[in-house]
Structure formats: structure tokens, C-alpha cells
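Visitor: Next come the chains, spelled out residue by residue.
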Amino acid sequence: MNVLWIAIAVLLGAAALLSMARMLMGPSILDRALSLDVLVASALTGIGAYAALNRDPTVLPVLLVLSLVGFVGSISVSKFVARRHEDALRERDEPVPAPNTEGGDAA
Amino acid sequence: MSDALTAVLDWVAVLCLLAGAMLSFVASVGLIRFPDLLSRMHTAAKPQVLGLLLVLVGIGLRLLPEETGIFTVGTLAVVGLFQVITVPVAAHIAARVGYRTGRIDEDLLVADELFDRLESEDRATGTRRYRASE
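Residue numbers (the working numbering), protein chains in the order written: chain A, 688 to 794; chain B, 3 to 136.
Hints listed in this document are in silico derivations from the structure and should not be mistaken for laboratory results.
C-beta: ideal position from N, C-alpha, C; glycine also.
Please note that the accuracy of each hint is not assured.
As the list claims (entries may be wrong) - FRET-style restraints, in silico, Cβ to Cβ: (1) B:L66 / A:A696: 18 to 24 Å; (2) A:R777 / B:G76: 48 to 54 Å; (3) B:A6 / A:A730: 30 to 36 Å; (4) B:T70 / A:V697: 28 to 34 Å; (5) A:A708 / B:L110: 20 to 26 Å; (6) B:V112 / A:A730: 30 to 36 Å; (7) A:N741 / B:E108: 48 to 54 Å; (8) B:A79 / A:P714: 35 to 41 Å; (9) B:A126 / A:V749: 45 to 51 Å; (10) B:I34 / A:V752: 25 to 31 Å; (11) B:L7 / A:K766: 47 to 53 Å; (12) A:L776 / B:E115: 20 to 26 Å; (13) B:A113 / A:V690: 43 to 49 Å; (14) B:A9 / A:P714: 48 to 54 Å.
To be verified - Residues from chain A that keep clear of chain B, each with C-beta distances beyond 10 Å, as calculated: (15) R777; (16) E778; (17) R779; (18) D780.
What the hints assert, rightly or not - So the derived list for chain B, only partly shown, Cβ under 7 Å to chain A, looks like this: (19) S30; (20) I34; (21) L65; (22) T74; (23) T77; (24) F84; (25) T88; (26) A92; (27) A96; (28) G100; (29) R105.
Generate the whole structure from the sequences, applying the supplied hints.
Guide: What follows is the structure, encoded as C-alpha cells:
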């Protein structure tokens, strides 16, 4: 069983490293936000694996908080990108797209 | 709970954790290898969430024999629920912003249904909304 635990740890570490590499490579800021999401999910998985290995339920609130907070990052980056895009259009005197009619002001 | 049952639960839990870790790894490999934002979003949303849910099931099975097992399983269910709710929202918003700020590589799209829809709406209302090529 020990081999399996080590395999789990290695896989999760490799997953975190690969998403880190994507975060460094980019190319756009949305890619980076996306890979940050994946990194947070890997952290969730890793903390969960720790809890399972040690039969230690005390870290579960951390899981709860991370799963709630993790997505705020990519959403706020998306909003930021959309706002900056509109500002750039205004500066160039190009027409700013009409506000979205089908609910939400996401983009 | 009997020892034999606990041992069986442990094995199932470890297999669940292993499958979840593999799916997380696959998701990260896809993040590296896929060519554009939308396909990376696919790998970040689907295999990653399935892997996380499998890991949560594994933790639940492993912690179930403890005294506070029921509360643990409740917490894990809430974590899974939040993930299932928030990940699609985040992916949806990021994809939308990517599309409307022209960060989507159109050569890689097989079908672009949003463009047809936006175009027909723009023709109907006389507005102009942004897309990649403009």
C-alpha cells in the first residue's frame, strides 16, 4: 500500500509542477488564471490525500475554504481583462460593444 | 466497524485516491500540451473536477471508520458541491472574456455558434459586439 501512497504523492506533485509551468509560459493572462485554478485544485487534492493518509480530519476546513475561494481568482482576472479591453477600445475611439442583454455583465 | 471491513474500505479509498491523482496529472499534462485557451479550459474543468471528486470519495472512505465519520463525510460533500458549482462558472466566464476580447484562435475552432448568434442579434438590434477578428 505504501507504494500506492508514494505514487499518489508523485502524481500530485508532478501535476502541480506542470500547471506551474503553464503559469510561467502563459501566453495570455487568462491562461495563467486558468492554470492557477488547476494549481489550487491540485493543492486541494494534495491536502485531501494528506488527510486520508493520516486519518486526520482537522485539515478538512482548509479544503472547504480553498474550494470556495479558489475560483474567485480566475473570475476577477477575467473581469479585469474585460474592463481593460473596454478601456483600450475607448482610448482608440473604437465603438465599445453593447452591454450584454442576456444576463450578467461578464464580458 | 470490523477490521476486515476497514481494510477493504482502505483499499477502495487508496484506489480512488490513485485514480484521482492520475486524473489531476492528466489534467496538468493537458494544460501543457493543448494548443489554445478553450481546450486548456476543457482539461482544467472536466478531468480536474472528476479527479477531485474521486479524491474526496477516497478521503470519505478512509475517514468513515473514525468516530466523527459522518461529519467528515458531510464536509466532503459540501466541498464537492462547491467545486461542481464554481468550476463551471469560472470556466464559463473566462471563456466568454477570452472570446469577446479576441484571444481565441479561430483556426482551431470546428464550429463557432456564438458568432452566428451574436451576428444575427447584432443585425436585429443594430449594435455591434466584439469578436476575435475585429
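Visitor: Take the hints in turn and mark each one as holding or not.
Guide: Going down the list of hints, with the structure as the test:
Checked against the hint of 18 to 24 Å, the C-beta distance between L66 of chain B and A696 of chain A comes to roughly 22 Å, which is consistent with it. Distance hint for R777 of chain A and G76 of chain B: a CB-CB separation of about 49 Å, consistent with the stated range 48 to 54 Å. Between A6 of chain B and A730 of chain A the beta carbon distance is about 34 Å. The supplied range of 30 to 36 Å therefore holds. Take T70 of chain B and V697 of chain A: their Cβ atoms lie about 30 Å apart, and the range 28 to 34 Å holds.
Between A708 of chain A and L110 of chain B the beta carbons are some 21 Å apart, a value that agrees with the proposed interval 20 to 26 Å. Restraint check, V112 of chain B to A730 of chain A: a C-beta distance of roughly 34 Å satisfies the suggested window 30 to 36 Å. At about 50 Å, the CB distance of N741 of chain A to E108 of chain B agrees with the hint of 48 to 54 Å. A79 of chain B and P714 of chain A have their C-beta atoms about 38 Å apart, which keeps the hinted 35 to 41 Å range intact.
About 50 Å separates the C-beta atoms of A126 of chain B and V749 of chain A, a value consistent with the hinted range of 45 to 51 Å. Distance hint for I34 of chain B and V752 of chain A: a CB-CB separation of about 28 Å, consistent with the stated range 25 to 31 Å. In this structure the hint that L7 of chain B and K766 of chain A lie 47 to 53 Å apart at CB holds, the actual value being about 49 Å. Roughly 25 Å separates the CB atoms of L776 of chain A and E115 of chain B, a value that falls within the hinted 20 to 26 Å.
In this structure, A113 of chain B and V690 of chain A meet the distance hint of 43 to 49 Å, their C-beta atoms being roughly 45 Å apart. One distance hint, 48 to 54 Å for the beta-carbon pair A9 of chain B and P714 of chain A, holds here, with the actual separation near 49 Å. No Cβ of chain B approaches the Cβ of R777 of chain A within 10 Å, the least distance being about 13 Å, so the stated non-interface status holds. The claim that E778 of chain A lies off the interface holds: its Cβ sits roughly 15 Å from the closest Cβ of chain B, which is beyond the 10 Å cut-off.
With a least beta-carbon separation of about 12 Å from chain B, R779 of chain A lies farther than 10 Å from that chain, consistent with its non-interface assignment. With a least beta-carbon separation of about 14 Å from chain B, D780 of chain A lies farther than 10 Å from that chain, consistent with its non-interface assignment. Taken as an interface hint, S30 of chain B checks out: its beta carbon lies about 4 Å from the nearest beta carbon of chain A, inside 7 Å. Interface restraint check for I34 of chain B: the shortest CB-CB distance to chain A comes to about 5 Å, inside 7 Å, so the restraint holds.
A hinted interface residue such as L65 of chain B counts as satisfied when its beta carbon comes closer than 7 Å to some beta carbon of chain A; here the least separation is about 6 Å, so the hint holds. Interface restraint check for T74 of chain B: the shortest CB-CB distance to chain A comes to about 5 Å, inside 7 Å, so the restraint holds. With a cut of 7 Å, the hint placing T77 of chain B at the interface with chain A holds, because the nearest CB-to-CB distance is about 5 Å. For F84 of chain B, the interface hint holds, since its Cβ comes within 7 Å of a Cβ in chain A; the closest pair sits about 4 Å apart.
For T88 of chain B, the suggested interface contact is upheld, since its CB lies about 4 Å from the closest CB of chain A, less than 7 Å. The restraint placing A92 of chain B at the interface with chain A holds, with a minimum CB-CB distance near 4 Å, inside the 7 Å limit. Annotation: A96 of chain B was flagged as interfacial toward chain A, and the flag holds, the nearest CB pair being 5 Å apart, inside 7 Å. With its C-beta approaching chain A no nearer than about 5 Å, G100 of chain B sits inside the 7 Å limit, and its interface hint holds.
Look at R105 of chain B: its Cβ gets to within about 5 Å of chain A, closer than 7 Å, so that hint holds up.
Checked against the numbered hints listed earlier, the structure breaks none of them; every hint is satisfied.
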